[in-house]
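Asker: Using the sequences and the hints, build the whole thing.
Taking the numbering used here, the leading residue of the sequence shown gets 1, the next gets one more, and so forth.
Incorrect hints may have been included.
As the list claims (entries may be wrong) - The calculated DSS-like cross-link candidates involving lysine-lysine, where the alpha carbons are at most 27 Å apart (straight line), are:
#1 K59 <-> K36
#2 K59 <-> K32
#3 K103 <-> K59
As the list claims (entries may be wrong) - Just the calculated beta-carbon pair ranges, DEER-fashion:
#4 R83 <-> L53: 32 to 40 Å
#5 D120 <-> S26: 30 to 38 Å
#6 R64 <-> R6: 43 to 51 Å
#7 R83 <-> S7: 34 to 42 Å
#8 S37 <-> T81: 13 to 21 Å
#9 K56 <-> R83: 25 to 33 Å
#10 Q28 <-> N107: 36 to 44 Å
What the hints contain is simulated information worked out from the structure, not anything from laboratory work. Glycine included, each C-beta is placed from N, C-alpha and C at the ideal position.
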Amino acid sequence: MKNDNRSFDMLEEFKYLGTNSTNQNSIQQEIKSRLKSGNASYHLVQNILSFSLLIKNLKIKIFRTIILSVVLYGRETWPLTLREECRLRVLENRVLRRIFGPKRGENGEWRRLHYEELNDLYCLPNKVWLIKSKMRWAGHVVHI
1 MKNDNRSFDM
11 LEEFKYLGTN
21 STNQNSIQQE
31 IKSRLKSGNA
41 SYHLVQNILS
51 FSLLIKNLKI
61 KIFRTIILSV
71 VLYGRETWPL
81 TLREECRLRV
91 LENRVLRRIF
101 GPKRGENGEW
111 RRLHYEELND
121 LYCLPNKVWL
131 IKSKMRWAGH
141 VVHI
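Answerer: The structure is reproduced here in structure tokens:
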């Protein structure tokens with residue numbers, strides 16, 4: 001591209017403020033990139049999250065500030081498909097299972113916590129619901 005006798009290279013993709021920008025503006029690619037970054041963040045702190053001497057509230061704060069802030073940056077513009085919703089829930093459940101640990105069943109054997117049990121222990125809004133509510137709010141602002 002030329003402008004005032006200067007030439008500029010045309011980029012297919014670049015990262016600005018942590019968000020990938022492409023000519024096609026693929027939201028699915030952005031969500032996939034965010035989930036990949038969230039998984040990397042999770043693997044960096046997974047030993048801290050399973051450390052038994054830390055209280056659960058501190059572990060949840062670590063989860064929310066380190067992992068969720070990376071994953072959910074720019075979420076206001078995401079139209080989620082069922083696949084992305086599922087991927088976000090899988091990441092969230094994996095981290096919450098690490099934080100809350102296993103549970104002893106009725107027969108005395110250890111088992112991992114089910115989705116409903118994790119939601120009861122976590123007591124915070126579901127991240128997929130949070131993203132969708134922000135989308136509705138953003139859409140409302142645009143329509144006004």
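Asker: Work down the list of hints and note, for each, if the structure agrees.
Answerer: How the hints compare with the structure:
1. A distance of roughly 21 Å separates the Cα atoms of K59 and K36; the hinted pair therefore holds under the 27 Å criterion.
2. About 25 Å separates the Cα atoms of K59 and K32, which keeps this hinted pair within 27 Å; it holds.
3. The straight-line distance between the Cα atoms of K103 and K59 is roughly 18 Å, inside the 27 Å bound, and the hint therefore holds.
4. Between R83 and L53 the C-beta distance comes to about 38 Å, which sits within the given range of 32 to 40 Å.
5. With their beta carbons about 36 Å apart, D120 and S26 fall inside the hinted range of 30 to 38 Å.
6. Taking the beta carbon of each, R64 and R6 are about 46 Å apart, inside 43 to 51 Å as hinted.
7. At about 41 Å, the beta-carbon gap between R83 and S7 stays in the expected band of 34 to 42 Å.
8. With their beta carbons about 19 Å apart, S37 and T81 fall inside the hinted range of 13 to 21 Å.
9. The given range of 25 to 33 Å is respected by K56 and R83, whose C-beta atoms sit roughly 30 Å from each other.
10. For the hinted restraint 36 to 44 Å between Q28 and N107, the CB-CB distance of approximately 43 Å keeps it satisfied.
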